[in-house]
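K.L.:
Here the protein sequences come in this chain order: A, B and C.
Mapping the first sequence onto the UniProt record's numbering, position 233 (from 1) lands on 233, and the numbers just tick up by one.
Mapping the second sequence onto the UniProt record's numbering, position 156 (from 1) lands on 156, and the numbers just tick up by one.
Mapping the third sequence onto the UniProt record's numbering, position 281 (from 1) lands on 281, and the numbers just tick up by one.
Everything labelled a hint here was simulated from the structure, so no lab data went into it.
Predicted, not measured: the structure shown is a model, and the values here were computed from it.
Just so you know, even glycine gets a beta-carbon here, dropped at the ideal spot from N, CA and C.
Watch out, some of these pointers could steer you wrong.
[Stated by the list, open to error] Partner residues are not named here, just some residues of chain C that face chain A (Cβ under 8 Å, in silico):
(1) P290
(2) V317
(3) L385
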Amino acid sequence: MSLSLLLKVMLNRKVVTILLLVQLAITLALLLNSVLLAQQTHQQLNRPTGLELEETVLVQLKPTTPQLRTYPLLEDLLQRQLRALRNIPGVVASAYSNQPMLTQGGNNNNLYDVDNEERSNIPGVPTYFVSPDFFKVLNVDVLQGELPQHSGFLDSETQPGVVLTESLAEQLFQGQSSIVGRQLNLGPVSAVISDFYGQRMHGADEVMYNSMQVAPPYSVDWGYTLLLRTEPGQTTAVREQLTSVLQQVEPNIEIYYIRSLAEQQHQLYRNEYGLAALLTILTALMLLVTMVSSYSSAHFHVLKRHQEIGVKRALGASKRLIFIELLSESWVCTLVGAVLGIGCALILNQALAQVISLPPLNWWLPLITSAILLFSVTLATWYPAAIATRVSPATATKAL
Amino acid sequence: MITLTNLSKIFRTELIETHALRDVNLQINEGEFAALTGPSGSGKSTLLNILGTLESFDSGDYLLDGKSVKGLSDAALSQLRNEKIGFIFQSFNLIKDFSIYDNIELPLRYRGLKAAERKQRIEQALELVGLHARRDYLPAQLSGGQQQRVAIARAIAGRPRILLADEPTGNLDSLMARQVMELLEQINQQGCTILMVTHDPDQARRAGRNIQIIDGQLHDSTMYEPLATQSA
Amino acid sequence: MEQFIYYLKVSLLSIKRAPLPYALTVFILSVGLGVFFANATFYYQLNSDPLPGKSDKLFFPMTLIAPYQCNDCRPPRALSYSNVQKLAASDIPSAQAAMYSSAGYARLTIDQPPTPARVRVTQRDFFQMFEVPLLHGSVWADDNAHNQVILSRSMALKLFGRTGVVGESLVLDDRNFSVIGVLDEWQMLPRLYDANGRNHLSPTEDIFLPLETGYDLNYLSNSYSQTYDDTDYRQLATEGRSGALHQLQYWVQLDTAAQQHDYQQYMQSLAEDEKAAGRHPAPINNQLVPMNEIVDYFGDDPGDIKAFALVTLLFLVVCLFNASHLALNRYLSNQYEFSLRRALGANRSQLQLQMLADVLLMTVFSLLGALLIGYAGVSLMNALLPQNSLFSTWDLTLITALILAALVCSYLVTLYPSLRASFGSLNQQLKE
């Protein structure tokens with residue numbers, strides 16, 4: 001049957017056709033945008049972090065008594081805990097930090113080159129106060145200078161040296177070559193290391209600016225982090241011991257959570273992940289609804305048009321032709337719906353971008369999702385179309 | 001043109017077997033206009049359906065144009081119907097979403113003819129039935145007589161060798177019926193073989209041959225020639 | 001009535017005749033309504049007004065009184081202690097309270113294991129302003145430092161196993177406090193007074209501590225704090241009171257338009273004075289944000305629920321189209337019967353009554369389905385978006401709205417098909 005005839009028939013059944021088209025279009029629009037969101041979440045989870053996600057474990061904890069939260073008892077506690085962690089078999093390195101990495105916001109500071117405050121000032125740079133082995137735990141590369149070997153004191157007269165990540169150094173000094181020893185507001189630059197992903201800022205681009213000083217934290221009122229890197233394959237075994245080992249060292253602590261960095265990263269994108277999962281479920285439901293609709297529409301069509309199919313058979317249409325004719329009705333409908341749907345998807349995409357961060361549509365996703373839609377509709381129409389081929393041509397001669 | 005030898009058709013249900021047709025022998029020659037009459041339930045429609053390859057049969061043989069239709073695939077039967085047989089139904093059976101033009105075009109499309117040829121044939125057929133001016137109407141916009149003329153145009157546009165008509169005037173008043181009969185006679189004169197089921201003795205008389213069917217058995221009244229002498 | 005029961009019977013019969021199309025229609029309608037309802041629950045609760053009639057009278061004043069040189073910038077999200085002192089000098093507001101959130105460990109005696117507690121450090125007007133129900137005892141007599149705490153009902157139960165504990169003492173971070181009040185069950189949702197630290201979706205605090213005591217004992221803010229000079233944020237009691245350490249939320253109650261106008265003028269004069277004194281380097285930008293606009297002001301509306309709301313609404317529309325499509329097919333299949341009834345003398349209004357019976361049945365079935373799917377949807381959303389889990393409760397308004405929605409949807413789904421069926425040409429249908 002020709003395209004023009006199919007279109008004519010569809011136009012004659014305006015209401016049913018419009019109903020079907022509207023829902024096909026909306027289904028495609030949703031399908032497209034949820035695939036887009038799922039894809040974005042996937043990309044976020046696969047973005048390089050500069051960290052060894054699987055082998056690095058972090059413990060977020062807080063001493064439960066005020067004495068343990070103040071120096072010198074705090075210093076003693078930190079050292080006792082680090083020693084205990086180092087003694088766990090399978091631990092390569094351990095360190096403390098005032099805060100974990102891969103978090104939503106956290107402790108940060110503005111940072112500038114004291115010789116050039118106006119130009120170089122960067123607000124909201126994540127600031128880590130760590131023990132010397134921190135860099136060993138993260139397994140970062142040293143690009144310039146030397147890492148501090150001993151812990152300094154934030155409250156002393158001489159400020160401890162500052163370690164910068166590569167992109168932060170670049171932003172601060174704009175490509176100047178020798179930056180070790182340059183004075184920043186927090187202290188002199190002692191080294192530059194490879195980038196890692198520290199904090200996700202509200203509404204900011206994902207940048208890898210981080211500054212570190214080897215010194216005990218100012219305060220642990222918000223808790224602190226113990227970090228450790230394990231031998232490959234040892235992570236689970238090490239994790240199982242962590243709670244009891246730390247409780248043995250000091251019972252007056254509250255452990256908020258123990259996570260691998262991979263879990264931490266997953267937690268960071270929890271919202272996106274949740275929304276993508278919800279949209280995917282919704283899309284599956286919607287495809288199901290569309291299939292039910294295509295099925296019932298085709299089924300009804302066949303029932304209603306027994307006579308017509310019989311006549312066509314009498315006029316020389318083979319079973320195959322009847323089958324293809326019915327399927328192509330669905331196909332034409334789906335394709336028209338898909339074209340409308342891509343339009344709807346663009347509108348929905350813009351509407352969604354107002355409230356969540358969502359990448360714009362690309363050119364190939366509509367094709368793939370239209371193909372998925374077409375496949376579902378074909379699947380749903382298959383059975384009614386097969387029933388249609390069973391209509392006997394002799395139906396044509398029976399008077400109703 | 002058509003040869004049936006010892007053809008039987010049985011309808012079976014779990015309890016009973018009904019012989020719709022019993023050892024039917026029939027010969028219809030090229031260019032004949034035959035009327036098929038008989039009381040309801042006598043097997044008229046079944047015979048017509050078998051002749052039109054719309055239904056299968058249980059035993060015997062059916063030669064159309066010298067070739068047996070037995071054991072042909074669905075696709076081959078469909079092609080046969082499309083190319084050699086034209087149908088006219090009592091209830092017209094026009095497709096109501098299609099215009100007059102589209103209705104007539106349908107079998108030509110199934111045959112895979114080129115657009116230009118389709119157009120030419122449809123014009124001719126419309127000319128013959130006198131409905132050229134209404135080519136873009138929908139069936140529902142035409143009177144019963146006109147609808148049946150469209151159905152006739154659809155049947156002959158494919159230039160079939162044989163036209164099977166199932167009570168073509170059954171739903172029409174006498175004036176309309178006469179017009180349709182005249183049209184059929186005109187088509188017959190152009191060389192098309194016609195087999196028409198009818199209740200109307202007048203119409204049966206107008207046909208050149210009257211085949212009666214009672215309880216699944218044939219009683220050929222006129223122009224009966226024994227099979228043995230039939231060879232030409 | 002007897003007649004209507006007859007119509008219901010007829011409806012049931014016609015369902016029995018073709019159960020699959022009917023089941024599919026109900027299924028699709030239930031899915032659409034259920035998914036929509038699940039999301040509407042969150043949307044409704046997240047956007048509900050926690051203090052109806054009062055949320056437009058409570059304001060969060062913000063100023064740029066800080067050693068912060070910038071052009072075109074909004075005031076900090078929190079105030080410094082000295083900011084609050086200057087603002088509190090005005091007697092225009094009917095009530096005012098500064099506050100922040102912190103954390104501590106509570107126990108009855110020093111040898112018990114500590115219980116982690118969310119602490120709200122605040123002033124006495126807090127309870128009146130946010131209509132906090134008091135079960136036992138009273139709030140602090142004034143805004144001075146007191147070693148007195150007010151407990152939430154659940155914290156009292158957790159620590160003491162009972163609520164009548166006024167006068168008892170407890171240990172908070174190794175210091176002794178006496179309990180002077182216990183709150184009744186209270187969960188302000190959303191907790192808009194905490195919106196500046198993006199904490200308005202979390203549960204209420206367990207322990208309430210006087211602001212001055214919090215500063216004296218160096219309770220640090222655990223949500224939002226920022227310093228604009230070299231104030232050491234660990235020295236709340238000293239530097240924290242004078243320096244540019246911004247961590248305080250401040251709420252004032254301004255009941256009339258005149259009060260609001262006066263207060264704005266007061267803020268303006270204050271900023272001008274501070275500017276003249278050199279303590280306000282940035283251009284003046286005062287904000288007086290009413291509580292019902294505070295989330296919008298900070299731009300922290302959780303977009304995912306909004307996005308999902310849009311999408312589920314579309315889904316409901318699709319399901320409606322779909323269900324009416326299915327229903328249309330069903331009615332068209334039954335059209336012969338309709339025509340027959342009319343031929344037998346039923347008039348259109350009687351047929352419409354029959355439709356009404358159909359609508360009611362459809363409503364009942366789809367409502368049950370929607371409740372089930374809605375419940376599943378809410379559980380799923382709690383699992384996937386746990387930060388909104390406080391907002392997943394159903395109340396009478398919501399359930400009533402769902403019943404109405406189910407009724408309207410069932411009616412819409414039945415309306416067009418029934419019109420088609422009952423207004424079709426009688427003659428033609430019988431002939432077909």
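K.L.:
Could you tell me which of the hints above the structure violates, numbers in ascending order?
P.N.:
Hint 1 is the one this structure does not satisfy, whereas the remaining hints hold.
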